[in-house]
Amino acid sequence: MFTVRSTVKTITAHVKPTQQLRYKRDKAGLNPQLERIVNQLSVMSAARKQPRLLKLCDEDYIKHRTVMKAWSLYRKNKIEHNESLLEKQYQSMNEAAAELQSINPKLYEIANEHQFGKRFPLEIRTPTDFPPRQIWFYDYFPKVDGSKQQ
Amino acid sequence: MASTPVSRGIWSNFANRSKSLSVKNPSLQNAILSPNLPKGPSTLKASVNKLKYNSPIGLDKIYPLAYDLLEKRSESIYNEVSKIEEKIKSVKDQSELSKLNKEKENLLIKSEQENPEVVFNSIFQTKSLDRSQPVYRHYLKEQWKSYKRMLTMQRLETLAIIPDTLPTLEPEVDVNLKFPHNNVNTWIEPGKILSSNVTSKPPAFEIIEFKESKDDLYTILIVNPDTPDVQNNTFSTTLHWALKDIKLSNNDSMVDIKKLDENKDSILIDYLPPVPEKNLGNQRFAVWVFRQDGKLNDSITKDSIKRTKFNIREFVAANKLAPIGAHVWRSVYDLNTDNVRKLYGLPAGRIFSRGKL
Numbered sequence: 001m002f003t004v005r006s007t008v009k010t011i012t013a014h015v016k017p018t019q020q021l022r023y024k025r026d027k028a029g030l031n032p033q034l035e036r037i038v039n040q041l042s043v044m045s046a047a048r049k050q051p052r053l054l055k056l057c058d059e060d061y062i063k064h065r066t067v068m069k070a071w072s073l074y075r076k077n078k079i080e081h082n083e084s085l086l087e088k089q090y091q092s093m094n095e096a097a098a099e100l101q102s103i104n105p106k107l108y109e110i111a112n113e114h115q116f117g118k119r120f121p122l123e124i125r126t127p128t129d130f131p132p133r134q135i136w137f138y139d140y141f142p143k144v145d146g147s148k149q150q
Numbered sequence: 001m002a003s004t005p006v007s008r009g010i011w012s013n014f015a016n017r018s019k020s021l022s023v024k025n026p027s028l029q030n031a032i033l034s035p036n037l038p039k040g041p042s043t044l045k046a047s048v049n050k051l052k053y054n055s056p057i058g059l060d061k062i063y064p065l066a067y068d069l070l071e072k073r074s075e076s077i078y079n080e081v082s083k084i085e086e087k088i089k090s091v092k093d094q095s096e097l098s099k100l101n102k103e104k105e106n107l108l109i110k111s112e113q114e115n116p117e118v119v120f121n122s123i124f125q126t127k128s129l130d131r132s133q134p135v136y137r138h139y140l141k142e143q144w145k146s147y148k149r150m151l152t153m154q155r156l157e158t159l160a161i162i163p164d165t166l167p168t169l170e171p172e173v174d175v176n177l178k179f180p181h182n183n184v185n186t187w188i189e190p191g192k193i194l195s196s197n198v199t200s201k202p203p204a205f206e207i208i209e210f211k212e213s214k215d216d217l218y219t220i221l222i223v224n225p226d227t228p229d230v231q232n233n234t235f236s237t238t239l240h241w242a243l244k245d246i247k248l249s250n251n252d253s254m255v256d257i258k259k260l261d262e263n264k265d266s267i268l269i270d271y272l273p274p275v276p277e278k279n280l281g282n283q284r285f286a287v288w289v290f291r292q293d294g295k296l297n298d299s300i301t302k303d304s305i306k307r308t309k310f311n312i313r314e315f316v317a318a319n320k321l322a323p324i325g326a327h328v329w330r331s332v333y334d335l336n337t338d339n340v341r342k343l344y345g346l347p348a349g350r351i352f353s354r355g356k357l
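Just so you know, the protein sequences line up as chains A and B, in that order.
Each residue of the first sequence is one higher than the last, beginning at 1 in the UniProt record's numbering.
Each residue of the second sequence is one higher than the last, beginning at 1 in the UniProt record's numbering.
Wrong hints could be hidden among the right ones.
Across the chosen pairs, the derived CB separations fall in these ranges [unchecked claim]:
#1 B:D93 x A:E80: 26 to 36 angstroms
#2 B:I88 x A:E80: 45 to 55 angstroms
#3 A:R75 x B:S82: 44 to 54 angstroms
#4 B:N54 x A:E80: 33 to 43 angstroms
#5 A:I135 x B:K61: 52 to 62 angstroms
These are computed hints drawn from the structure, not numbers from a lab.
Beta carbons are placed, not taken as given, at the ideal position from N, Cα and C, and that holds for glycine.
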């Protein structure tokens, strides 16, 4: 359950009270400054706590719409471009495989042979668009076969 | 840092484009075509609001870029349109031609759909749109589909106009209806119960087409399926008004007294005002709009059609009419009904009682 009290407590856990109180454990509750903020917030209605609705005049609303449309169009074009690249890549892979089949069927068969027992290595890095910040783990040791962790 | 001005490309060129694709008010147009608001927010009325208004931060920087991107796209679409226009000149096959025309219209919509001036007009100036432009028709259709079409269909179905008069309707046009009982321009909401004073004079229609139409011919019928037929212990349909061969275009969509006065042949049957009987409850008055595929047969005259026990299904089938829109209102006996009867020289009304006659 999130209450105003609990949220304020977690947010301001690091804030120390400006006024030191004797004989009072600070774990017991909020300090008086925070207590005041909580009281003020609890008196305010939920609508007042919402961020204000952006009020645009008609001209600016049209401009805003135009910008949003252009942005969505830009992103759509980018995605379509990437997809077409992937499509081309796949096509050329297919063509290469077909060519190999026509040149040397035996090599094609070997290339497409099912490799039993060969699993996808779980330790492989997830393929990403860009290289990682740390290129190589020099201290890496592969897991030993038959170890408890496997 | 000053922001770059908005480009003046194809959307500012009116050599081949209609002038109606721009904003009429010069100060508003200037505001839309500038990165910021040079004369402040002119659509805000109160000077207090004008003074305290601030445009969103950064909008003036990004807006010219967005405008440029959309305008360039529009330019490429216009190039495609000109290619299709060349093709249309050479093609003679009718089906191929209609396909190309459809394609051209879609491209014309796409090219202007994001033009800020067009968007401004179609959001804030809906009453004075040039409906000969495909893009405005598109926006109007979207608006109609989002509410009015659903409302009309709901009223037609719950009041059982469908299937009591015609089996079904696939609405294609927006039918608006008003009565000239006062000088206030009030369009009637479908299904409203109107007083006999309001309906004592013939209504005016506005029929808004969303496809391109030039001098298309229309038929309008008003029928009442709730006329009591005491002999057979049932109800029959009465024809209250019939108009035929009404010529309408995209920008000439009103059917009012002025138009009917100019071509009197279009009135097939004169207007009979609703005069519901006492104690008979609400009576439905269905307005049906049909598109004709040519002039109506000359054999259909005032004398060949009977007002009472009118079979609307037979009439529609015989004349090859395509129902494209409908409207409905309801009338009930009130204190003024007898006056309306006197005005039109109608016989005195009957008073129905609870028991069977």
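Structure-based check of each hint:
Remark: the range hint 26 to 36 angstroms for D93 of chain B to E80 of chain A is upheld by a beta-carbon distance near 33 angstroms. Taking 45 to 55 angstroms as the suggested C-beta distance range, the pair I88 of chain B and E80 of chain A does not conform, at roughly 29 angstroms. Evaluation of the 44 to 54 angstroms hint for R75 of chain A and S82 of chain B yields a failure: the beta carbon distance comes to about 29 angstroms. Checking the proposed 33 to 43 angstroms range against N54 of chain B and E80 of chain A shows it holds: the Cβ atoms sit about 37 angstroms from each other.
Our hint of 52 to 62 angstroms for I135 of chain A and K61 of chain B is violated, since their Cβ atoms are close to 38 angstroms apart.
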